[in-house]
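Q: Here's the letter readout for the chains.
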Amino acid sequence: METTKDKNDFTKILEKLAAKALESKQKESKKVEEFDFHNMFIELEKTLKQYQNEHSKKSSESEIKLSELTLTA
Amino acid sequence: MEAGEASFFTQNLLKLSTFAYNGTSIATKTFLCSSRTYKNYLLNLEDINLDIKKLFLNLSMPKFIWVTEIYDAEGFINQDVIGLVLLDATEPKSTHVIGAIIDNVFIRKNLSENISVEIPFESIKSFNDNLKNYGNN
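Protein chains in written order, with the working numbering: chain X, 1 to 73; chain V, 1 to 137.
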């Protein structure tokens, strides 16, 4: 269970690390600002749902085949 | 989340992260791990920035997680991990990115948080403790 203290610690550490990265001014320092993470996650959820649908269809088909085999046997 | 989904999700995450690893061939390794074992491994890592270690140890994790280690394809043999993706293995319906480092960008995505921050990360030694005692009994 995440407590408020844990969350504060986590945020503080992350802020410290972000400040360090900013300080060192890495060559692609604007990559986070320019990249659309929100849309990336929407796209990810969409493709995962497609994968899950295809996968559940395939497994139900194989279940049907298995039940046919059982009946034949 | 089952193994196929975890692998599919991570591969897609890396594919869609167009800001990362441009021009670098990468290799990945995905495995299931208990968060306790994984945190223990992080705790004992020596060649890692202390704040990165603290950051991951402070992450709230479910009992089981999917871990994907990202390697530079050329450096794969040295087992130097240049990125990480940790996914919730216990949540069947939604996908929670517990924490990820992709090309020096820390990403966290769940119902209440959506974080993407650039942080300094070099590399860490690969996790090799899964099923360590398997077959020894």
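Just so you know, the hints here were simulated from the structure itself, not pulled from any lab data.
Possibly wrong hints are sitting among the right ones.
Stated by the list, open to error - A short, non-exhaustive set of chain X residues, derived as facing chain V with CB atoms under 8 Å: (1) K16; (2) F37; (3) I42; (4) L44; (5) S56.
All residues carry an ideal CB built from backbone N, CA and C; glycine is no exception.
Q: If a hint holds in the structure, say so; if it doesn't, say that too.
A: Structure-based check of each hint:
1. K16: holds (6 Å)
2. F37: holds (5 Å)
3. I42: violated (10 Å)
4. L44: With a closest approach of 6 Å, the L44 (chain X) hint holds.
5. S56: violated (11 Å)
The structure fails hints 3, 5 (numbered hints given earlier, in ascending order).
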